[in-house]
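Generate the whole structure from the sequences, applying the supplied hints.
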Amino acid sequence: MDIFLRSMSGGAGNLAAYLAAHVLLCLLPAFFIAGAMAALIPKASITRWLGRNARYRVSYPAAAAAGSLLAVCSCTIVPLFAGIHKKGAGLGPAITFLFFAPAGNILALAYTGSILGAEFAFARFALSLLFGIGIGLMMAVLFWRDDASHDAQTDALFAQQASIGAAPLGVLLSLVAVLIAGTLKLWPLTATVGTLTLPLPWAEVWQATLYQWVPFDAAKGEEGVSLQGSLLILLLVLIGLSAWKGLEDIVEGANRWTWVALGLAAATLLVAAMRLTPVPGGVELALTGRALAVAAALVAVLHHARRLEADAWRAWLWEAWRFVKQIFVLLVVGVFVVGIVRQWIQPQWIQNLAGRNDVLANAVAVLFGVFMYFPTLVEVPVAHMFLDLGMHRGPLLAYLMADPELSLQSILMVSAIIGRRKTFTYVGLVALFSIVAGLAYGAWVDGMERVWIIGGLGSFVAVLVTTLGWLLGRRAIPARV
Amino acid sequence: MKSVKILGSGCANCRKLEAVAREAATSAGIDAEFVKVTDMKAIMAYDLLSTPGLVIDEKLVSSGRIPTQAEIQSWLA
Chain A
0 MDIFLRSMSG GAGNLAAYLA AHVLLCLLPA FFIAGAMAAL IPKASITRWL GRNARYRVSY
60 PAAAAAGSLL AVCSCTIVPL FAGIHKKGAG LGPAITFLFF APAGNILALA YTGSILGAEF
120 AFARFALSLL FGIGIGLMMA VLFWRDDASH DAQTDALFAQ QASIGAAPLG VLLSLVAVLI
180 AGTLKLWPLT ATVGTLTLPL PWAEVWQATL YQWVPFDAAK GEEGVSLQGS LLILLLVLIG
240 LSAWKGLEDI VEGANRWTWV ALGLAAATLL VAAMRLTPVP GGVELALTGR ALAVAAALVA
300 VLHHARRLEA DAWRAWLWEA WRFVKQIFVL LVVGVFVVGI VRQWIQPQWI QNLAGRNDVL
360 ANAVAVLFGV FMYFPTLVEV PVAHMFLDLG MHRGPLLAYL MADPELSLQS ILMVSAIIGR
420 RKTFTYVGLV ALFSIVAGLA YGAWVDGMER VWIIGGLGSF VAVLVTTLGW LLGRRAIPAR
480 V
Chain B
0 MKSVKILGSG CANCRKLEAV AREAATSAGI DAEFVKVTDM KAIMAYDLLS TPGLVIDEKL
60 VSSGRIPTQA EIQSWLA
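Chains as they are written, first to last, in numbering that gives the first Met the number 0: chain A, 0 to 480; chain B, 0 to 76.
It should be emphasised that the hints constitute simulated quantities derived from the structure, not laboratory data.
These numbers come from a predicted model, not from an experiment.
Beta carbons are placed, not taken as given, at the ideal position from N, Cα and C, and that holds for glycine.
Incorrect hints may have been included.
FRET-style restraints, in silico, Cβ to Cβ [claimed, not checked]:
1. A:Ala43 - B:Glu57: 19 to 25 Å
2. A:Ala158 - B:Glu57: 18 to 24 Å
3. A:Trp451 - B:Asp38: 17 to 23 Å
4. B:Arg14 - A:Val332: 38 to 44 Å
5. A:Gly116 - B:Met0: 57 to 63 Å
6. B:Asp38 - A:Phe423: 19 to 25 Å
7. B:Gly9 - A:Glu247: 17 to 23 Å
8. B:Gly9 - A:Gly164: 37 to 43 Å
9. A:Ala161 - B:Met0: 43 to 49 Å
10. B:Thr37 - A:Val332: 25 to 31 Å
11. B:Ala76 - A:Pro187: 32 to 38 Å
12. A:Gly116 - B:Asp38: 38 to 44 Å
13. A:Pro187 - B:Ala41: 53 to 59 Å
Once the Cα atoms are required to be at most 27 Å apart in a straight line, the calculated DSSO-like pairs of lysine-lysine come out as [unchecked claim]:
14. B:Lys58 - A:Lys85
15. B:Lys58 - B:Lys1
16. A:Lys421 - A:Lys85
17. A:Lys324 - B:Lys35
18. B:Lys1 - A:Lys85
19. B:Lys1 - B:Lys40
20. A:Lys421 - B:Lys40
21. A:Lys324 - B:Lys15
Below, the structure written as structure tokens:
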């Protein structure tokens, strides 16, 4: 019984910590941004660079951009992957797109940044981009025959042109401003503008009750539920209920509940940006620079959103709501389970296996990433748990590179489209590149001379290029990379 | 009798599209046969870059979004 209680409180504590202010300030705007990207960016504005006649200098960066801007969900990933491969620029850009999409989209980056730090998110982004293009090029060279046998269909799919309008662009940029204002840890955002003490005598009692319900051990990096946290959880539940009534049929038009849900979402962001501290006899409300900045950015979002056409804003809200339904529930369950599991893992195990930054530790991390399948974004709290338990940041990045790219689901999907032999090659390449990425980032964190890291990465690339050149040289017909 | 095909691997948007399309047909009193296409090869036979796709009488009328009931009724008419 005691064991059961300990597990449950571990799960609840972990969940409460993730629903705290700093995570909400990142996730809530990120869902709206993801929705806006899916609904407001015309796909043709990027896919026109992915046609079969595109040069590789254009098609590989365009494939990466498509991965980061268009592909937040499998509804887009699978058809676009199949389309680029069969009717467009070929296998290489399709693989680049596939590799980069799970790591380079806004939800993954924002979430990684808020949980594991901005530096880590940047390393994940940059190395995925570099290696995504690298793996795409290698696949194109290895299987050049595939591209030579393009089916003779028209290029119409990728010939459409479109550009993004002023109002959608304004909405996107001001949403990004909300995200930045909410998450950046810089003065003047962190400054306190003024404080106000609300006479709420029950606040202290409630805080004591919360700490009693969810006991925590600060030494193990756990966080309890604060008064502010409990208020945010309440607001989230209210958003969920009103969104269900207001956003489920949004394609047919808005109703009263739509405005309630959106108002609550804005209120949640503002509450999360302020600081509420229980003091004797009441609650101290601190107005921060962050709250002012978030409020200003929200006004900008409203200003631009009013200029959107009815179809556009309805589609935007629907996509945002769909992402919430699809991802948030999984995330809540996943975080809860991670909290339970964490009670059972001894830090020594992790430290012995992956506490250092060497080839073995990185290989173990990649292997774990390949065999474990976590639903979208749950890999981030899992990574956070490993970090707390003493995993080195190098192997941690290797794990984060391999896990979303090589889930069981994606392997099955890829092999259905490009066949088993190419899929195994792809899996092998991803494993190799992930290990190298982990080693490089780990060396960077350990403060190794920058020259050595760049030299090491450079010689890795040089070996690859030489191998590629040799493979190309053995073939009479030059591959179309 | 109209033939309506819903293209999609079974994600949330495809289910929503099917519900909206069925509702549109019923409320306009149009007799239509609904087919769900989930096989990726069959889906790619219609030129589209993202699901869900809506095909009416073998013609792709929308892809990557959920049209309103009024739109679907105008295509069905």
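Hints versus structure:
About 23 Å separates the C-beta atoms of A:Ala43 and B:Glu57, a value consistent with the hinted range of 19 to 25 Å. Our hint of 18 to 24 Å for A:Ala158 and B:Glu57 holds, since their Cβ atoms are close to 22 Å apart. Checked against the hint of 17 to 23 Å, the C-beta distance between A:Trp451 and B:Asp38 comes to roughly 51 Å, which is inconsistent with it. At about 21 Å, the CB distance of B:Arg14 to A:Val332 disagrees with the hint of 38 to 44 Å.
Roughly 60 Å separates the CB atoms of A:Gly116 and B:Met0, a value that falls within the hinted 57 to 63 Å. Our hint of 19 to 25 Å for B:Asp38 and A:Phe423 holds, since their Cβ atoms are close to 23 Å apart. Evaluation of the 17 to 23 Å hint for B:Gly9 and A:Glu247 yields a pass: the beta carbon distance comes to about 19 Å. Separation of B:Gly9 from A:Gly164 is about 32 Å and departs from the stated range, judged on CB atoms against 37 to 43 Å.
Checked against the given bound of 43 to 49 Å, the beta carbons of A:Ala161 and B:Met0, roughly 35 Å apart, lie outside it. For the pair B:Thr37 and A:Val332, the beta carbons lie near 26 Å from each other, so the given range of 25 to 31 Å is met. For the pair B:Ala76 and A:Pro187, the supplied restraint of 32 to 38 Å is violated, since their beta-carbon distance comes to about 59 Å. At roughly 43 Å, the beta-carbon separation of A:Gly116 and B:Asp38 lies within the given 38 to 44 Å, and the hint holds.
Under the hint 53 to 59 Å, the C-beta atoms of A:Pro187 and B:Ala41, about 57 Å apart, fit the expected range. Annotation: proposed proximity of B:Lys58 to A:Lys85 holds, straight-line Cα distance about 21 Å (limit 27 Å). The suggested pairing of B:Lys58 with B:Lys1 holds, with an alpha-carbon distance near 11 Å, which does not exceed 27 Å. Our distance criterion of 27 Å between C-alpha atoms is met by A:Lys421 and A:Lys85, whose separation comes to about 14 Å.
Proximity of A:Lys324 to B:Lys35 is assessed by CA-CA distance (about 23 Å); at most 27 Å being required, the pair is judged to hold. At most 27 Å may separate the alpha-carbon atoms for a hinted pair to count; B:Lys1 and A:Lys85 exceed this at roughly 31 Å. Among the hinted pairs, B:Lys1 with B:Lys40 is consistent with the structure: their alpha-carbon atoms are about 23 Å apart, no more than 27 Å. A hinted pair counts as satisfied when its Cα atoms are at most 27 Å apart, and A:Lys421 with B:Lys40 qualifies at roughly 18 Å.
Proposed proximity of A:Lys324 and B:Lys15 is supported: the alpha carbons are some 13 Å apart, at most 27 Å.
The earlier numbered hints that this structure contradicts are 3, 4, 8, 9, 11 and 18.
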